[in-house]
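For this one, chain A is given, so just place chain B on it according to the hints.
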Amino acid sequence: MTLTARDIGFRYGSQPVLTDINFALDKGRFHALLGPNGAGKSTLFGLLTRLLALQQGDILLAGRSLKKHPAEAMRQIGVVFQQNALDLDLSVRQNLMYHSALHGLSRKQARRRGDRELERFDLMDRANDAVRTLNGGHRRRVEIARALLHQPTLLLLDEPTAGLDIASRNALNEHVRRLCREDNLTVLWATHLIEEVQEHDRVMILHLGQLMADESGHELCRQTATDSLAETFKSLTGVSS
Amino acid sequence: MKLIAYWHCFAGVQTREWLRFWQQRTRFASALVRPLLWLVVFAAGFRAVLGISIIPPYQTYITYETYIAPGLCGMIILFNSMQGALSMVYDRELGSMRVLLMSPLPRPFLLVTKLLAMGSVSVVQVYIFLFIALLVDVKPPMWGYLAVMPALILTSLMLGALGLLIATWIKQLESFAGVMNFVIFPMFFLSSALYPLWRMNEASPWLYWVCQFNPFTHAVEAIRFSLYLQWSPLAWGVSTGVTVILVILATIGFRPQRTKILGSKPA
Chain A
166 MTLTARDIGF RYGSQPVLTD INFALDKGRF HALLGPNGAG KSTLFGLLTR LLALQQGDIL
226 LAGRSLKKHP AEAMRQIGVV FQQNALDLDL SVRQNLMYHS ALHGLSRKQA RRRGDRELER
286 FDLMDRANDA VRTLNGGHRR RVEIARALLH QPTLLLLDEP TAGLDIASRN ALNEHVRRLC
346 REDNLTVLWA THLIEEVQEH DRVMILHLGQ LMADESGHEL CRQTATDSLA ETFKSLTGVS
406 S
Chain B
33 MKLIAYWHCF AGVQTREWLR FWQQRTRFAS ALVRPLLWLV VFAAGFRAVL GISIIPPYQT
93 YITYETYIAP GLCGMIILFN SMQGALSMVY DRELGSMRVL LMSPLPRPFL LVTKLLAMGS
153 VSVVQVYIFL FIALLVDVKP PMWGYLAVMP ALILTSLMLG ALGLLIATWI KQLESFAGVM
213 NFVIFPMFFL SSALYPLWRM NEASPWLYWV CQFNPFTHAV EAIRFSLYLQ WSPLAWGVST
273 GVTVILVILA TIGFRPQRTK ILGSKPA
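Chains as they are written, first to last, in this note's numbering: chain A, 166 to 406; chain B, 33 to 299.
So here's chain A without its partners, still in its complex pose (with noise of 0.2 Å):
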């Protein structure tokens, strides 16, 4: 399912977050958004999540809008958020089971799709372990695994490795880009990190409230003149990575 943004404008009392945000997802793909901290991911998370109200523009979900449909919309999206928002006293299972509930999904759906998710998870093992047990890149894992339980066409995942030591990141970040191959599923993907983004994602680069550049990595470095996409985001952002 593809997403479009159009002209979204955010302010936070008069102060602007983001302004004239343009752009389209393209189905079945991995999209880096790439922004230093502060550049105003998390308040686009909680604009397409709905978890914060659309000031100015539109948000468009296979051309239906969030504001009007918002449950056709929900049941489309699958989010990991920055922060933790697992149940670290109850079992990974436990967590999985509330999160389809959630979805209107059966117990016996739920626990179908639950198990399902964690052998492809590789976590099967832990089901039901408590979470507060796992190691942080198991409870990304979780995170992930849970998003997906409902079969969202589109993956949100705001910053999903923060916190994490560099193989469990790359680990995590590999474990997304196959899921995006094999499944279809369209991933947008929020970074600071540019170590996480490869050549061949689409590159959305977010500095101070503003889409400074929307184009496939190799193509950013060919407009830009320059030999990676290190140097591309320092020359658009002024920003070392």
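Treat the hints as calculated values from the structure; they're not laboratory data.
Glycine residues also receive a C-beta, built at the ideal position from the N, C-alpha and C atoms.
Some hints here could point you the wrong way.
[Claimed, not checked] Keeping only pairs whose Cα atoms sit at most 30 Å apart, straight-line, the calculated DSS-like set for lysine-lysine is:
id, chain 1, residue 1, chain 2, residue 2
1, B, K292, B, K203
2, A, K233, B, K34
3, B, K203, A, K273
4, A, K399, B, K34
5, B, K292, A, K233
6, B, K203, A, K232
7, A, K192, B, K34
8, A, K232, A, K192
9, B, K171, A, K232
10, A, K399, A, K192
11, A, K192, A, K233
[Stated by the list, open to error] Examples of chain A residues toward chain B, derived with CB under 7 Å:
id, residue
12, G211
13, L217
14, Q221
15, G222
16, R240
17, Q259
18, H264
19, S271
20, E360
21, Q363
Just chain B, lined up with the frame of chain A:
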């Protein structure tokens, strides 16, 4: 969405609340210490406060313990609801609220479901309290325990919605200490929980009317009358009306951006 989806959602939120209750049973048990202290210690000191009057719904002279037990049931729900509402928008429950709000079901339904789930845990605490109160001779009729359940659920919904409304809209009250001083204590003391209102009228007619306008008074009276198998149209009418209004205001007016659900500092 089909109706069955709403049911699965409702059941799922309830289940989660009960799992958490079980995980944190010592915390919930310690929350019973406060009302039990009031019942055993405070009530012993004020035993003579009721004098020789007979107050409806009681049909005979009663001990002070018997009088304040329904008020303390209200107190358990009052503390839990305010604490629960604050945790929904400021701390412990933020993660689960993020997940909750990603559901495709309508937000007012999700929020009422959440408030009812938190309320059902409070109701069980009230029953444990009433069970322990048997030890100090608070013995309502057997059927009263069943008859009081709707009043307890209604009270928990009313106070949960009030807590959510306050926590969302009044920034100054984002700490539990603030809520305790400006909401819980005034509501509790300016009600019929600890003393019959005719006593208050004798002391100050002005305070009497403040108590009469306090919805918590009517919630406590609905609990009291139901527990003794009597019907109080005023208490039920006011409690139901206020609950409906508060639930509408709290759920329709809910704005995640006024809370910490998105994160402490979105940028």
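Q: Please flag the earlier hints that this structure goes against, numbers listed from lowest up.
A: When the structure is compared with the hints, numbers 3, 4, 9, 14, 15, 20 and 21 turn out to be violated.
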